[in-house]
Structure formats: C-alpha cells, structure tokens
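S.K.: Could you build the full structure based on these sequences and the hints that come with them?
For the protein sequence lines, the chains are D and S, in the order given.
For what it's worth, the working numbering labels the leading residue of the first sequence as -4, then goes sequentially.
For what it's worth, the working numbering labels the leading residue of the second sequence as -4, then goes sequentially.
Just so you know, these hints were derived from the structure itself, not from any lab.
What you were told as hints is all true, and nothing was included just to trick you.
If several chains are the same, the list does not tell them apart, and a pair holds so long as it fits within one copy or across any two.
No more than 20 Å apart at the CA atoms, straight line, and that leaves these computed lysine to aspartate or glutamate pairs for DMTMM-like:
1) K185 <-> E65
2) K133 <-> E237
3) K246 <-> E213
4) K92 <-> E321
5) K191 <-> D146
2 protein chains.
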Amino acid sequence: MEEITKVVVDAMGGDNAPGEIIRGAMDAIAKRSDIHVILVGQEEVIRRELAGYTYNEEQVEVVNATEVIETAEPPVMAIRKKKDSSIVVGMRLVREKKADAFVSAGSSGAILAGGQLLVGRIKGVERPPLAPLIPTEKGFSLLIDCGANVDARPSHLVQFAKMGSIYMEHVMGVKNPSVRIVNIGAEEEKGNALVKETMPLLKECSDINFAGSIEAREIPHGQADVVVCEAFVGNVILKLYEGVGAVLFSKIKSGMMSSLRSKIGALLVKPALKDTLKTFDASEYGGAPLLGLNGLVVKTHGSSKAKEVCNSILQCSTFRRQRINEKIRACIQGEVADSE
Amino acid sequence: MEEITKVVVDAMGGDNAPGEIIRGAMDAIAKRSDIHVILVGQEEVIRRELAGYTYNEEQVEVVNATEVIETAEPPVMAIRKKKDSSIVVGMRLVREKKADAFVSAGSSGAILAGGQLLVGRIKGVERPPLAPLIPTEKGFSLLIDCGANVDARPSHLVQFAKMGSIYMEHVMGVKNPSVRIVNIGAEEEKGNALVKETMPLLKECSDINFAGSIEAREIPHGQADVVVCEAFVGNVILKLYEGVGAVLFSKIKSGMMSSLRSKIGALLVKPALKDTLKTFDASEYGGAPLLGLNGLVVKTHGSSKAKEVCNSILQCSTFRRQRINEKIRACIQGEVADSE
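M.R.: Have a look at this one:
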C-alpha cells in the first residue's frame, strides 16, 4: 500500500495568498497521488478558490482558522494570542501527528517561534536551524542557519552541520555532501571565537564530510554543499545575495535600455539570458526547512508563487519517505550518548 | 605656500607590482603638484621601472627595502621578522612623521597588524577599523569594519560609526552622512547581543546622523552612507559582494554566448553595459583606509591597477588637507572626556 504524506498548507500566508498557495497545492496533488494536503485558513475563502479547480477530493481537506498573523506582529506574542490563526492551527495538526509537515509563506518570525513552541524539538536537538537553499554557479547549497538562533554556541553549529548534511544527502540527493564553516580567511588562526571553538569539534565528526572553512566569496561559486554559520551571519548572507542580485539586474536592465543600439541587442539577448538566469533562482528548489522538529516545517518566500509552494510540498514527501527525522534523531542522540 | 602631502607607496605589494603601482604613483603626481610619493621597495627594480617615465623628480623619492612580505605569511610574525620589508620600512616612515600616509596592495593581514604595531593608534581609539567603499545603486557606501578586529564590543562599534562618519563627510564629500548598523530585521527586539547593546549607544550620539538598523538586502540599494558592523560580518559582506557579482557576470556572459542570436545581441549591448557596470566598480574610489591611526594607512585591492593606486594617493591628500585625524582625535577624546 502506498504511504501517504499529509502536508498542512497555510492558505493565508504570503503576498500571493490564497490564490498562488492553493494553485501550488493543486499542482502538487496532481503530480503525486501519495500526497494529501490540508488547507488551513478562512474556510469560505478557501472553498471559493477551490471551486475553480478539478481535483481528487480524497487528497484535499479544509480546516477552518479564522485569524491571520501579520508579518509585523511580534512573533511569540502572536503565536500565543492568535490561537485560531492558520499558523497555530496548522502547526497543532503536526504536533498531534494528524499531519507530517506544515508549509507556510507567512511571517518568518511566527513560523520560527511556532516551530519551537508548538511543534517542538526532537529530543537532543538544542536549536532548530532554518536552512534555505541558495543558488550557486554549480547548482545550489544549503545555508544553515538563517533562523532566529542568534548568539549560537559551538555545539549548535555542530548539530547544524550534521542535520544539514543529512538533509542535503537524503532530500536533495547530493551524495556525500561537503560541509564547510563560514570564516574570514583560509588560515587556521583566523576567525572569531565561535569559529575557532567550532572548527576542532567539526573536525572530529566522523559522520559528515567536513572540508574546513569557506570564505564568503566562494559561497556563490558553490564550493560547499552545506554552508554552516550562525544565524546572524546566515541572515546577512541570504539577504545580501538577494540585494546584490537585484541591484545588478536593475543596473544591467538600465544599461541595456540606454541607447537604441543596446535596446535592439537586449531584444536578441533576452531569451537566452532568461534561461541562464533561471538556474540562479532559488524558488526552483522549494522553501527552507526548519530542521530538528518533531515533524517538518517549511518556510517559503513571502513572495512565493505556485511553483515554490508545489516544490515545497513535494519536498515534504521526500522528507517523510527518506525518514529524515529518524536519521536526525539517531545522529543527534547517538551523539548525546557518545558524550555521556 | 602649498602644503605637501607625502605618501609612501609600497612598490612591491599586490598582484600587479611594481608596474601598475608605480604607474599609479606617476599618475597621481602628474595630477597634483602638492603630492610627493616615496616609493619603497627593491631600489633597483623601482629605478628600472621609473626610467620609463618623465616626471618631476622633486616629487619622487625612492627608499630601499630588500624584503617582501608574502600574502600567506602569518602577519604579526612577518611584521616582526622582516624588518627590511617594504611594509615595515614604509610604515616606519609614517610613524617617524617623515610621511603622512602609506598605501599598499600587499598582504591585508600584515597591513592591519603593521598599522596597529608600527604606526600606532590615536589616543583613545580602541581599535582601528578597515573601511572599504562598496558600490551601491546610488553610488557608494563606507563599510566599517572589515578588519581583523573580530569579537568587537559595543564601544568599538560606536567609535567605528563616528570615524566612518567623519571620513565620509570630509574625505568623500557626503554631507551629513546617514549611519546605520547591520541587523537581521527592522524590529527593535531583533538582533544579536552585540547589536542590541550597541543600538542605544548609537542613538545617544549627537555627533552622527544615526538612522537605525539596516538589513543586508538594503546595503546594495545604498540605504546608508556609513554601514556599521563588526569585522566578521563586514568581511562576509565585502567578500560576498564580490562573489555574487562575479558569478552573476559569468552566468550572464555564458547566457549571451549560448546562441547566434544572443551573440549578436551581446555585441550590440556590450558598450552600454560596460558603462553602466563601471558605476558598480569600487576601484573607482580608491582603497580602504585603516582609520584611527597616527597617520593614514590605505589598503588597496591585491589586484589593484594604476587607477586604484592613483585614486588612493589622491585620497591621502584629501585626508591630510581635511585634517581628518585632528577631527577623529577631537571626536574620540571629547567622547573620552565626556564619560569621565
């Protein structure tokens, strides 16, 4: 018998909710009969949207949640007060084992807080990292952690390295992924206190393919499959990637539009350029998992369209089929046992 | 009478030494009769190179230094052992007040270490920050600190903000420059311990135009004239800027070369694109000053060509004429006096 993956989808989260979110969910169930989606949000709105699709009704469930958490709300407070929000209701379904995973394009802060408070950590996991995939020259890398875990300790970074490695190997299919820690120079003596303390611990890990440090310049070149750093640095990397890309594209566009000659050239260049730059688009790979939880929480971009939502749902299915949480549990608890 | 600025130029440092370095020095003295350069390095090599130029001999001095510090050498050790290297000899000239400034494209580590150990800090300055200019959509911003000062304290960041503000206003001519601190979200409660402790201190500074925090995404858009952060984060920002830019350009190039149609388009687009992207090139503005020293030390890119070297030398002249160190001294010591 086919094993079903049940994915709760936050129908109210993100700039393009509910339209693109529901379209993404419909695309996912059309692709895979072993995926069931539970759409959480204002039932009336969801039903109205669903009326436009033809789909296998067995694969879709709607759960009503009347409240919506806004991006600007203080996350922990929002999670505690808005008990009938799509994020809280959806995460509860995962905690109660009524679903395997939760996907949302809503408030990052609320999703991170909810993951810890509502879904809960796997025993032994000190902090759950948020691990987006970032595009590189060669394909993509996992950047771990970009979450709310600032001021991390060396033991946290070691767990991030292990969980990231498991995810890249078994969900993304990268064999024996290389793991590197972000540093400010290749020499051993360089780095801040955190990196210097973490480095020898990572070297001791026999269960990951640790390859030393990586300078930020090398990240876009794809010189590591798993890029380990604490959340403040990870957030800077993720956001700067977006910012530099956006500014360069706008510069290139205005350069191409600056003369008649270049405008004609732009028309000729456009299709080829579009194809190439698509390979530098992270949404191809789906959202960012929050790892180390009793279940799976995936955060997609606030501006997610159907494709990213669909890919994120498919990702949840791979996550379950590959028994990622069992692997994380064994790895982390093995580690805990070792140090006793 | 004209006031002369004496700039020591490390003729041996960088990938393009001595050719491009000496060319840059020649360009600078041709532009400005109030600049004298002291070329430090292997005298024979320098003289041979100089033979190819016609220049005002009163503006040029050659000081022999037989040793060269390599990039891979441990910096502090190199500074201590290679007493006859161009970096050590050159910095000594600044310390002994025989020159106003030192410009080098050599080993970053040795320049940072030498600045502290040989040139020395202005009284009251806790740590001298390295402050490169980075290109933005609007022009450029000063990123302070990108130096070796990892694990900084809040008081250091406050001094960085003040020194950076003085430099941007009086050397780069940006009126009332806005100062922001790098953070991972706009909300007050976000950030790591360092940022949370520094924020209220910056708000209290009446001598800078502090405008709150900045997310990394906004840096390339030029949303702050002075971008304050500790050195680890600054280094990540600087290097990632280069990395993302390099990968995007190579993607664009290969996209344009992928079909005949796009190749023709590329030919038409090229001149306009080149002009636009020039505005996104940091070397236009010269090197990165190491601020807060008894003199001025400027680090240019390892790959510097004549233009960057020339611009860095001109920068030194503005630095002296604008009495930047007197301004920094007054600002920092005023601050010290206040807190007594």
